[in-house]
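Asks: Mind docking chain B on chain A? Use the hints.
One letter stands for each residue in the lines below.
Protein chains: 2
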Amino acid sequence: MNDDRILLAHGGGGLLTGQLIAEKFLPLFRNPYLERLEDGAVFTIGDRKLCFTTDSYVVHPIFFPGGDIGSLAIHGTVNDLAMCGGKSLFLSAGFILEEGFPMTDLDRIVTSMAAAAKQAGVQIVTGDTKVVPKGAADGIFINTAGIGIIDYPKAISVTEIRPGDAIILNGTIGDHGAAILNQRENLGFETDILSDSAPLSGLVEAILQASPHIHAMRDATRGGLGAILAEMAEQSQCMITVDEARIPIREEVRGFCEILGLDPLFLANEGKMVVFCAAGDAENVLAVMQAHEYGKDAAMIGRVQEKGRGRFILNTAIGGAREIDKPAGELVPRIC
Amino acid sequence: MNDDRILLAHGGGGLLTGQLIAEKFLPLFRNPYLERLEDGAVFTIGDRKLCFTTDSYVVHPIFFPGGDIGSLAIHGTVNDLAMCGGKSLFLSAGFILEEGFPMTDLDRIVTSMAAAAKQAGVQIVTGDTKVVPKGAADGIFINTAGIGIIDYPKAISVTEIRPGDAIILNGTIGDHGAAILNQRENLGFETDILSDSAPLSGLVEAILQASPHIHAMRDATRGGLGAILAEMAEQSQCMITVDEARIPIREEVRGFCEILGLDPLFLANEGKMVVFCAAGDAENVLAVMQAHEYGKDAAMIGRVQEKGRGRFILNTAIGGAREIDKPAGELVPRIC
Numbered sequence: 001m002n003d004d005r006i007l008l009a010h011g012g013g014g015l016l017t018g019q020l021i022a023e024k025f026l027p028l029f030r031n032p033y034l035e036r037l038e039d040g041a042v043f044t045i046g047d048r049k050l051c052f053t054t055d056s057y058v059v060h061p062i063f064f065p066g067g068d069i070g071s072l073a074i075h076g077t078v079n080d081l082a083m084c085g086g087k088s089l090f091l092s093a094g095f096i097l098e099e100g101f102p103m104t105d106l107d108r109i110v111t112s113m114a115a116a117a118k119q120a121g122v123q124i125v126t127g128d129t130k131v132v133p134k135g136a137a138d139g140i141f142i143n144t145a146g147i148g149i150i151d152y153p154k155a156i157s158v159t160e161i162r163p164g165d166a167i168i169l170n171g172t173i174g175d176h177g178a179a180i181l182n183q184r185e186n187l188g189f190e191t192d193i194l195s196d197s198a199p200l201s202g203l204v205e206a207i208l209q210a211s212p213h214i215h216a217m218r219d220a221t222r223g224g225l226g227a228i229l230a231e232m233a234e235q236s237q238c239m240i241t242v243d244e245a246r247i248p249i250r251e252e253v254r255g256f257c258e259i260l261g262l263d264p265l266f267l268a269n270e271g272k273m274v275v276f277c278a279a280g281d282a283e284n285v286l287a288v289m290q291a292h293e294y295g296k297d298a299a300m301i302g303r304v305q306e307k308g309r310g311r312f313i314l315n316t317a318i319g320g321a322r323e324i325d326k327p328a329g330e331l332v333p334r335i336c
Numbered sequence: 001m002n003d004d005r006i007l008l009a010h011g012g013g014g015l016l017t018g019q020l021i022a023e024k025f026l027p028l029f030r031n032p033y034l035e036r037l038e039d040g041a042v043f044t045i046g047d048r049k050l051c052f053t054t055d056s057y058v059v060h061p062i063f064f065p066g067g068d069i070g071s072l073a074i075h076g077t078v079n080d081l082a083m084c085g086g087k088s089l090f091l092s093a094g095f096i097l098e099e100g101f102p103m104t105d106l107d108r109i110v111t112s113m114a115a116a117a118k119q120a121g122v123q124i125v126t127g128d129t130k131v132v133p134k135g136a137a138d139g140i141f142i143n144t145a146g147i148g149i150i151d152y153p154k155a156i157s158v159t160e161i162r163p164g165d166a167i168i169l170n171g172t173i174g175d176h177g178a179a180i181l182n183q184r185e186n187l188g189f190e191t192d193i194l195s196d197s198a199p200l201s202g203l204v205e206a207i208l209q210a211s212p213h214i215h216a217m218r219d220a221t222r223g224g225l226g227a228i229l230a231e232m233a234e235q236s237q238c239m240i241t242v243d244e245a246r247i248p249i250r251e252e253v254r255g256f257c258e259i260l261g262l263d264p265l266f267l268a269n270e271g272k273m274v275v276f277c278a279a280g281d282a283e284n285v286l287a288v289m290q291a292h293e294y295g296k297d298a299a300m301i302g303r304v305q306e307k308g309r310g311r312f313i314l315n316t317a318i319g320g321a322r323e324i325d326k327p328a329g330e331l332v333p334r335i336c
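Protein chains in written order, with my numbering: chain A, 1 to 336; chain B, 1 to 336.
In case anyone wonders, no lab produced these hints; they're calculated from the structure.
Take the hints with a grain of salt, since some may be wrong.
For lysine-lysine, the following DSSO-like pairs were computed, each having C-alpha atoms within a straight-line distance of at most 30 Å [as the list claims (entries may be wrong)]:
id: 1; chain 1: B; residue 1: Lys296; chain 2: B; residue 2: Lys24
id: 2; chain 1: A; residue 1: Lys49; chain 2: B; residue 2: Lys49
id: 3; chain 1: A; residue 1: Lys134; chain 2: A; residue 2: Lys307
id: 4; chain 1: B; residue 1: Lys49; chain 2: A; residue 2: Lys134
id: 5; chain 1: A; residue 1: Lys134; chain 2: B; residue 2: Lys24
Which chain A residues stay away from chain B? Per the calculated CB distances, all over 10 Å, these [stated by the list, open to error]:
id: 6; residue: Leu15
id: 7; residue: Asp192
id: 8; residue: Ile259
A quick note: this is a predicted structure, and the numbers were derived from the prediction, not measured.
For each residue, glycine too, the CB sits at the ideal point set by N, CA and C.
One chain only, chain A, in its complex shape:
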């Protein structure tokens, strides 16, 4: 790494985040669980297979259309467990509060967390609160870690991806990123773009029941659909092709992105995931997703091609083919 200081892009979920993990954390912390570089660690304790994950939430603003830092902190961690095939059981909650933070805002956030936890069927069983002096943090940061239980008999991992696999996306992209940006910058677009923040645990449970051939899942958070598919292509060493025209996107989000010159492919989502499954099961999995509240707009967007060089190719709407790399910069900081 050439830079001698942390950049915003180190937290963007793209190229520099990957470098930071690969060059700083992995060599020193190395173990088989961490090495998988999935959304969570998977291990066996006693007679059960468990998964374990963590995320810190630093989103700004803390209240946004469609959610707040509290609901996001529940959904994000529940979703990371779901991507491992895990049913969320227990969460921890660690709060870092800035001196002077309004108690009414804390009430609102804690109420929102409790409601989100209830909806996702998970309990917050342990916690911690730190307070730092005024100016040492920006209002509130929340960390949640989670433990889930995995009943799916087969491994769910990017290493299970096979040529021929179908790639299914559960709905429209860019809603969360656009909602945050519109609110933060007071851009004043009158369209009512809402974050898609949602718990995907129920949807994942339905998918896993529907097919014994689910190979990999990942939620398209920081860096958006573009970053995660580029990463999964690299990790699986498979070529992935996606048809741009098949990717669902709201008209408001498309318009918002066009005006600002943003690529929705790299805008964050907080309730969107991709599923890699055996081609023979794809229609069935798609139907199950479309029948679920958080998969109504699900679409089959692409396919895994040959093993070899891991590349993500987007067949564009106008008939071209564009290779997508992990984003090098930070499109929208403090998005989650």
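Replies: Relative to chain A, chain B alone:
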């Protein structure tokens, strides 16, 4: 709660922290695991009893005599699991970094975390990195959550404390708080006061093997020995008496406190714990502790008296008796 804003004391581990938990978090998150208000949650998954805990670390300065924010983030969480009787298996690590944070400092911290994890026999299996813009955080905050496995056949909890129990402390108090304060304020005391930050997992394993009658354990971190004994008296509804003259304290720390008018009873520790055990086992447990690296200065400091009103009475060195309440203010902020 009368205040409408978060105060530093809400993070101090004393009265206001307790109120925040009791009035804000517990009513909304309520469940039997959280309600215990121990250092971690204890539950059974499959055929194993597990414990789960979290802590965020915001210590300032990040490097201090005897440790740094990295080693502290490992020791603190390993110790919380140990206090539940748990052997640490897996940790998560969540980093919040400020834009511009020096990469060399991050290297030093990650190296220190890896060494501390190795010493404690625990693996960091999942993580997360967020970067916030310059000014939105103070350098680096670290959250660790941990999963441990409990093999001890009996419950270890403040609710197991019984009249007659002996109270054993594993060594000198106030070292961490004094080390941080001396460094932070450039007080220039030439004495070499080091933080006592250490993993207590090995010591706890030895204690649990030595006695089947360990009732409760707690580490004396924020708020110091005074805060945790006042809290345990209240939670157990037992009267606790401690002889001040028996509490080990380094001469340098005593002198430091006298000059600054601080009470070492409320200074934070990061490698000190109290053990409540059946009186008949106390001598044996004490001997086992004294034979361990992190229990050399262990001492029997007090006893549990009758059940009834939960009070913590300190028999002072000059022959008086002083009732100790949970501290109302914040003696040293950003201590851990």
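Asks: Evaluate each hint against the coordinates.
Replies: Hint check results:
no., hint, in the structure
1, B/Lys296 to B/Lys24, "violated (40 Å)"
2, A/Lys49 to B/Lys49, "holds (14 Å)"
3, A/Lys134 to A/Lys307, "violated (53 Å)"
4, B/Lys49 to A/Lys134, "violated (41 Å)"
5, A/Lys134 to B/Lys24, "holds (21 Å)"
6, Leu15, "holds (13 Å)"
7, Asp192, "holds (28 Å)"
8, Ile259, "holds (24 Å)"
Against the hints set out earlier in the document, violations occur for numbers 1, 3, 4.
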